[in-house]
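Chemist: Just so you know, the sequences run in chain order A and W.
Okay, so the first sequence: first residue is 140 according to my numbering, each after it adds one.
Okay, so the second sequence: first residue is 6 according to my numbering, each after it adds one.
Treat the hints with caution; some may be incorrect.
According to the in silico footprint, chain A covers these stretches of chain W (three or more CB under 8 Å from chain A) [said to hold, decoys possible]: (1) 31 to 37; (2) 103 to 110; (3) 200 to 214.
Simulated crosslink set (DSS-like; lysine-lysine; CA at most 30 Å straight-line) [unchecked claim]: (4) 97/W - 174/A; (5) 174/A - 143/A; (6) 289/A - 97/W.
Computed from the model, here is a short list of chain W residues facing chain A with C-beta under 7 Å [unchecked claim]: (7) 40; (8) 150; (9) 180.
In short, the hints are calculated from the structure, not lab data.
From a predicted model like this one, the values you see are computed outputs, not experimental measurements.
All residues carry an ideal CB built from backbone N, CA and C; glycine is no exception.
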Amino acid sequence: MEIKLNLNGKAITAQADPDTLLLDFVRAQGCVSVKRGCDTANCGLCTVLLDGTPVLSCSVLAAWAAGHSVQTLEGLQSEAEEFVSFIADQGADQCGFCNPGFVMNTIALLRENPDPTDEEIRAFLAGNLCRCSGYDGQLRGIRAYLNSKKEQGGAPRGTEQ
Amino acid sequence: MLTIREYLRPQTLEEAYTLCQKKSNVVLGGMLWLRMQNSQVGAAIDLCDLGLDTIEETPEAYSIGAMVTLRQLEQHPGLASLTQDAMAEAVKHIVGVQFRNLATVGGSLYGRFGFSDVLTLFLALDAQVELYHAGVMPLARFAELPRQQRDILVRVHLPRSPRRVAYLSQRNTATDFPVLTCAVSRAAGETCCVIGARPMRAMVLADEKGLLKAGINETSIAAFAGDVAARVPLGGNLRAGEEYRRRVCEVLVRRALTEMEEG
């Protein structure tokens with residue numbers, strides 16, 4: 140079947156089977172930041188934004204996404220680059236496999252809630268699993284980014300959307 | 006592995022109902038549980054074009070479309086007010102935000118899953134389900150029907166009559182399925198308790214002995230919690246054994262009733 144959708148701002152038309160998952164569809168389009176992790180809708184590695192909402196692409200049919208807008212980390216580089224260095228500075232990344240999913244969901248969090256508490260950060264990112272770290276590094280990195288924005292007197296980038 | 010031969014978006018409920026009568030066809034909810042199954046689906050029926058993704062409000066009830074996501078339930082201010090935040094408490098432990106943006110009310114209730122937090126709370130709220138063919142019926146009655154009956158769950162109606170509510174669950178680890186779920190509510194002087202993840206599907210337990218009739222206080226709460234824990238049918242699975250669940254049950258009921266009373 141023919142699937143038409145908007146991927147990272149570009150109109151895409153491609154053939155897919157009725158049971159092709161959005162995860163496989165976007166990877167076939169070159170968006171390899173989207174990772175296959177648990178494949179059971181638990182780990183958050185495959186997070187993409189569907190019409191701006193974070194979803195698990197391992198559990199969405201490509202056919203379901205037809206007619207909608209899909210964003211992956213490839214399309215959100217400038218929005219991500221501001222805070223990923225803060226996460227790296229904390230040594231939060233070890234193997235880095237979970238990182239694209241974490242970054243995508245953090246973007247979604249900051250768009251929805253530009254000034255979250257630590258508890259709100261933990262709650263929003265609860266669906267992103269990391270096998271290397273204890274999550275504290277990611278939390279410290281996001282907190283450092285938010286503190287930095289406050290010191291600069293500016294709102295986090297998410298408020299500009 | 007799940008395979009799907011055909012993907013369809015019916016334009017009317019009648020069309021969706023006709024399609025779902027074929028045994029190999031499946032109505033899609035959030036597709037999260039379906040995805041775990043090893044099955045061959047003839048046609049996947051997506052209800053996304055039927056306008057069932059909204060929560061509507063009338064003076065009498067909230068009408069929740071089958072395609073409303075758990076995240077919508079979690080963030081809805083009217084439902085938060087109606088349930089004294091029990092709605093968010095019931096769903097916020099379910100995996101993560103990305104999961105709850107996909108999981109639907111219809112999928113959660115139609116499956117009548119034993120582990121369902123949503124089924125537990127909605128039973129305590131006296132929910133009514135609206136099925137395309139079978140019409141409107143209490144959720145408690147629907148929960149008892151065999152899953153083989155093929156119908157389309159269109160909406161769920163939550164009465165807006167004044168009610169005190171509290172919801173608690175016990176999990177072995179964050180974001181996991183619950184070991185036990187507990188919802189309590191009181192409306193028009195009647196208290197009801199719902200226990201889910203027994204691990205069988207949730208069931209309603211009324212105050213049959215009238216333990217709370219004379220007043221809700223520490224003593225009557227303890228008596229009621231003990232009574233519920235003693236008579237609710239429980240079982241074991243890989244998350245917990247029956248005896249553990251029974252002990253947890255007494256504690257959850259006591260805490261939930263206390264929370265409901267303290268508001």
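Chemist: Against this structure, judge whether each hint is valid.
Modeler: Going down the list of hints, with the structure as the test:
Three residues within the 8 Å Cβ limit are the bar, and the stretch 31 to 37 of chain W against chain A gives 4, so the coverage statement holds. Given a C-beta distance limit of less than 8 Å, the hint that chain A covers the stretch 103 to 110 of chain W holds, as 4 residues qualify and 3 suffice. Check on the stretch 200 to 214 of chain W: 0 of its residues sit with their Cβ under 8 Å from a Cβ of chain A, so the three-residue criterion for coverage is violated. Restraint check for residue 97/W and residue 174/A: the C-alpha separation of about 25 Å stays at or below 30 Å, so the hint holds.
Between the alpha carbons of residue 174/A and residue 143/A the distance comes to roughly 22 Å, so the proposed pair stays at or under 30 Å and holds. The straight-line distance between the Cα atoms of residue 289/A and residue 97/W is roughly 29 Å, inside the 30 Å bound, and the hint therefore holds. For residue 40/W, the suggested interface contact is upheld, since its CB lies about 5 Å from the closest CB of chain A, less than 7 Å. The beta carbon of residue 150/W is not positioned within 7 Å of any beta carbon in chain A (closest approach about 27 Å), and the interface hint is therefore violated.
Because the smallest distance between the Cβ of residue 180/W and any Cβ of chain A comes to about 6 Å, under 7 Å, the interface hint for this residue holds.
Hints 3 and 8 from the list above are not met by this structure, while the remaining hints are.
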